[in-house]
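Kindly generate the complete structure, drawing on both the sequences and the hints.
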Amino acid sequence: MDISLPVPTTVGVRAGWRLPSLVAPVAFLVLVAVAVVAPALLTGTDPLAADPMSALRAPSAEHWFGTDQLGRDVFTRVVYGARYSLSIGLAATVLSVVAGGLVGLIAGLSPRVVDELLSRALDVLSAFPEVLLALLFIAFTQPGTPSLILAIALAFAPRYGRIVRAQTLLVRRAGYVEQATTFGLSRARLAWRHIVPNVLGPLPILATIGLGVAIVNAASLSFLGMGPQPPSPEWGAMLSESRNYLRVAWWSAILPGLALTITVVSLTAVGRRLQARFEGRR
Amino acid sequence: MLKPILRRLASAAAVLWAAATAAYLALHLAPGSTIDTLVGDGPDTPVIRAQIAADLGLDRPAVVQYVAYLGRLLHGDLGRSYVLQRPVADIIGGQIWPTVKLTLLASAFIVVIAVGLALLTTGRARWIRGLVSVLELSLISAPTFLIGILLLSLFSFRLGWFPVSGDRDASALVLPALSLALPLGALLSQVIREGLERALEEPFALTARARGLKRSALLWRHALRHALLPAVTLGGTLIGFMLSAAVVVEQVFGRPGLGHVATEAVGTKDIPVVLAVVMLASAIYVLLSTIADLAYLLIDPRLRKG
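Protein chains in written order, with our numbering: chain A, 1 to 282; chain B, 1 to 306.
Treat each hint with caution, since some may be false.
To spell it out: a stretch of chain A is covered by chain B in this simulated footprint if at least three of its residues, at any positions, have a beta carbon under 8 Å from a beta carbon of chain B; those stretches are [as the list claims (entries may be wrong)]:
{"id": "1", "segment": "126-133"}
{"id": "2", "segment": "136-146"}
{"id": "3", "segment": "223-235"}
{"id": "4", "segment": "241-249"}
{"id": "5", "segment": "255-261"}
So the derived list for chain A, only partly shown, Cβ under 7 Å to chain B, looks like this [to be verified]:
{"id": "6", "residue": "Asp123"}
{"id": "7", "residue": "Val216"}
{"id": "8", "residue": "Ala219"}
{"id": "9", "residue": "Ser220"}
{"id": "10", "residue": "Val264"}
{"id": "11", "residue": "Val265"}
{"id": "12", "residue": "Thr268"}
Calculated from the structure, these hints are not laboratory results. Predicted, not measured: the structure shown is a model, and the values here were computed from it. Don't be surprised by glycine CBs; every beta carbon is placed ideally from N, CA and C.
This is the structure:
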């Protein structure tokens, strides 16, 4: 689904022991990582090589995932597509964590007026449903990879901003920070040495879960034609190209979608397990 | 009781006002002025430019324009489409009903899926819950367009039970609504099951069982009420997701609707139309999540203080 997983953290924690073993998800993610870094290791074909004579062939020993309407090998395109989908999702997540995290940290550490102002700004941004906010951003720029990354980062930043702000306020009021204040530590030193590290702790885990969501959102917007343009083998764009051939060739639409889903399920499973472990430790 | 309600309403109004202002600023600060867009490839002379500026009131001071814009918004005037040369309100008005139908039916499906799945699986054998939890995680993680395409290829192309696209009759609504409802139903069912299991651990559950109440009656009459509380807090998020996902679902099934209008308008750079759809969606989102929050106040008396 193409929003966040707004699951209250307790669900993940309580359900943690119920989740299946992590061997399969981690193995799959390694495979995906290989596809991102060195796709040529997994397939010897060119993702753009069209062969109209063998268009829309069903999966076989020669074409594992069949061929699409132009006779391109779907497996090869799925392998090469990992790079698009993952790098867009990763770039957007990093941007939104950094931007949202900074705003949240500043809001949490600042005097009340600044905090109010920044928090209200985050509220306003959160008042737009994410895909629609991203669409609006793309309407002002133009469809393509860079605006897609920025659009998703903009749509997700408020979420991280709110989490980091809440966490900062929590840490600020903790006993050890008060004690450090009585020892006469300067504000800057207090913030940098004692508050920031404790605020940032849970961020990588949240970002792991958020990464899956960002990947799905990027693919959804690509599906709508807002991302990498054809003939790029981006997973969402592949689905949208194949939608019209669904009657005769389900494989060229559904297999890229399954690759996307399994990637996201794996990321979510790993993220939730990390979260369960992190919260259990505290 | 009255004070928190008023405060919540005031903050919702403030957010809406700020969103409208942000939209206004975006429209006016964006690269490429409105006049450039309107002139397009047509004849470009200073006289024509001045005429367009006067027609749209762009020659007046910024503050006057801003106040006039807010006034028009309150009267439901959303501006004019650059491309179609019609009032945006007319374009949107004609497309609102298909989207409303879709989301209403999807909401009904969500409740049935979530409550049904949670009641059926609470306290069952470990392997059943494990299986359902994997299924739910897959549904939540799968992109909406994949769920739509799977349903489409199975039930429309293979079995021929439902039409492939369009909005001719009620049967055309079933698959799109189901694609919206499956991930959200799965998500909600996780939350409700969690609440049910927690409620069953409460002392009142033991007391009720000791007094001879059947397990099913305990679940339906007592535990479910507790379990629905956390589900209500998720209301806002669910609505936000549904509005976003409806855009994608309309595209998959070739349905008319607000999402379809917005997607087309992004393609033709018809910014007033995109802005209007996004503003409308955020207004609905803010309104419904405010109602969800207020409902929570009504259900749980502990929150009424402060």
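Quick check: which numbered hints come out false for this structure?
-> none
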